[in-house]
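Participant: Respectively, the protein sequence lines represent chains G and E. Heads up: the first sequence at position 200 corresponds to 199 in numbering that gives the first Met the number 0, and the numbers run straight through without jumps. Heads up: the second sequence at position 290 corresponds to 289 in numbering that gives the first Met the number 0, and the numbers run straight through without jumps.
It should be emphasised that the hints constitute simulated quantities derived from the structure, not laboratory data. A virtual CB, placed ideally from N, CA and C, is assigned to each residue, including glycine. There may be inaccurate statements among the hints.
Derived CB-CB ranges, DEER-like [to be verified]:
hint	chain 1	residue 1	chain 2	residue 2	range
1	G	35	E	78	52 to 60 Å
2	G	59	E	336	50 to 58 Å
3	E	154	G	200	53 to 61 Å
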Amino acid sequence: METIKIEVPVMADLFARGEKPEYLFWVGCAGAYDDRYKKVAAAFAKILSYLDVNYAVLGKEESCTGDPARRAGNEMLYQMQALQNIEIFKAYEVQKIITICPHCYNIFKNEYPDLGGVYEVISYVDFLDGLISEGKLQIDPQVFTNVTITYHDPCYLGRANDIYESPRRVLNALSGKMVEMHRNKSFALCCGAGGGQMFKEAEKGDKEVFIERIEDALKTDAKVIATSCPFCMTMMTDGLKYKNREEEIKNYDISELIAQALGI
Amino acid sequence: MTSQIIFAAALLLTFGVFGYTTWRYVKLFQLTKPAFPVRDFGKRISLTLKVALGQSKMFRKPFTGIMHALVFWGFLVILIGSIEMVIDGLFGIERSLKVMGGFYDVVMASGDIFALIVAIAILVFIGRRLFIHVKRFEGIEMKHVSHVDAKIALSIILLLMLTLLGLNTSYVAHQTAINETIHGIFPVSQHLTGLVSGLSPAALHVHHEIHWWAHILLIFFFANLLPYSKHFHVFMSVPNVFLSRLDPLGKLPNMDSITREVKLMMDPATAFAPVEGEAAPERFGVLDADDVTWKNYLDSLACTECGRCTSVCPAAITGKKLSPRKIVMDLRARMREKGKGLLKSGKDFSDNKSLLRDFISEEELWACTTCNACAMECPININHPTLIVDMRRYLVMEEGSAPGELKAVFNNIENNGAPWQYSAEDRMLWAKDLEIKKS
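So here's chain G without its partners, still in its complex pose (with noise of 0.2 Å):
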């Protein structure tokens, strides 16, 4: 085993050396910003340079793609981002995007389409299920064994986009102790930050979201909350802290497990 320190690769370098990547990793804003999704970033980038893909970030470049302005309904804004990041997609023929969030995901794949941006657009959860699948991604059951995990559904992954199973699978080969809470699938309960939420105070009611949401995942005793989504990770650790189970119970997105199952 030797350390090797990676530079991940850069869409406008890569094309000023002629070079052009098969996938273009969509970090978004939360993988660029939220100090815990960064690590889920880099998490993920570790495993895209480990295996060797051919890929590169848009970094500076990189602009909201509009959906919470979308979603508060400020169809001007979004449709402006929209535009703007399909002119920049254009420039760098950027065919096949891999995302980190199930929101950017749902815009790419759904919407964009609407506004001329067509392309094949992958969520991170499916594109490392793909790997495992074919064998190019080989996991040590050892390190998870006897570890319980437990998977929160994201809303745009999940009833948004039917993407069920792909999440579970990849739990399934790292620990073979996968537990559902009772609300999951497409009866999972969202974490409370969706359509906007995120970035506001909720409205006055008599309990917040995430907490209803984090006691369903205590119900399992799962020793792992996985996660794969930056809102639902947010609020699934909020409601560790709320609990005081956050030295007992971890809350990883699925590329974290990962990354560590590779004990790289």
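Assemble chain E onto chain G, guided by the hints.
Facilitator: Chain E in isolation, oriented as in the chain G frame:
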């Protein structure tokens, strides 16, 4: 002959009233906006077979799912018998469809069995409403009238089933008494003849007539009551499923009028290009009932207030004001109110009220997480989130109104290309000093 004339008059009245009701609704639909072109008939037919006839989404709650499915399938089978009754009544014949032979036996037998099954299911439903506290039947939108509405419909259905069993029983008893052939098979009613034993053939005939007329007149009455009650879903839910939006739940419809404006801003050269398609809309988003699409309005008419949407809504579960069912019911109520005025006084009618604010508060709209649990749960594919976002679109783009934090998010996205106030220069900080271990 007299009875034929009475029957024809009753039928004419039924169709007359129904025709008037239909015409009123057509007028109201003409007030709505376009939604999406209805294409992909193959997909729509298979969706209807699965979701409507197969009741697939009802089974997300297995017990009520199977009870409701039995009632629904029962209705379909019994409907054939009802059509026969109309033919019989008009032409003064008895059991006209017996020409179908063996198939007639099957239809009658299943109708007879289903009459009992439906009656039992309805008794369970009535009992549940009377004695069990079902949380999703409560809520601020569930006024007294909603509960009365439900109980009236259930009682009528129960009466329909009892009269059907009654007419079948007296038919079997009558034919047996006069040694005539029994057309059709009646596995349930043949065991009920004991209840009318001792009656003379003439009395049995009267018995049969009373049940026959009660049953068919009740159907005529019910058919005309439905469009004015929440049980309109008996007619509207199958079309509502057939006309479902076929996009993934996560997709919001694009506002093409905005696309034109944004493209103009980004490329002024196109400013003088001929405008394709329809003219710019009067307003962005939805303020009032006549801003919604025909599909939104159809959704509201098809809703039976079952509350599955609200029971899974994260905002509603945690005590916020939002209830997806209320949004749908409010649209229906507001259209009834404003539609009347619009049809009477024309396009400029105003009662100084609107769907947004007078019916649906901003607090409700801003509580939505767009998680789509409501739309996923709805047994007849009502889509609540698109309507909620359309009202947010009105608030934001017409009034510039939104919670302060969201306005800050808009500013940040516009200025820094991110919902948070960070510089684009910092976008690669996460990638600094990354290392991997490789063997």
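Participant: How does the Cβ-Cβ distance of residue 154/E and residue 200/G compare with 53 to 61 Å: does it lie in that range?
Facilitator: violated (47 Å)
Participant: With respect to the beta-carbon atoms only, verify the hint that residue 59/G and residue 336/E lie 50 to 58 Å apart.
Facilitator: Once the Cβ atoms are compared, 54 Å apart, the range 50 to 58 Å for residue 336/E and residue 59/G holds.
Participant: With 52 to 60 Å as the target window, see if residue 35/G and residue 78/E comply at their CB atoms.
Facilitator: Between residue 35/G and residue 78/E, where Cβ atoms are some 58 Å apart, the hint holds.
Hint check: a violation occurs at hint 3 only; the rest are consistent with the structure.
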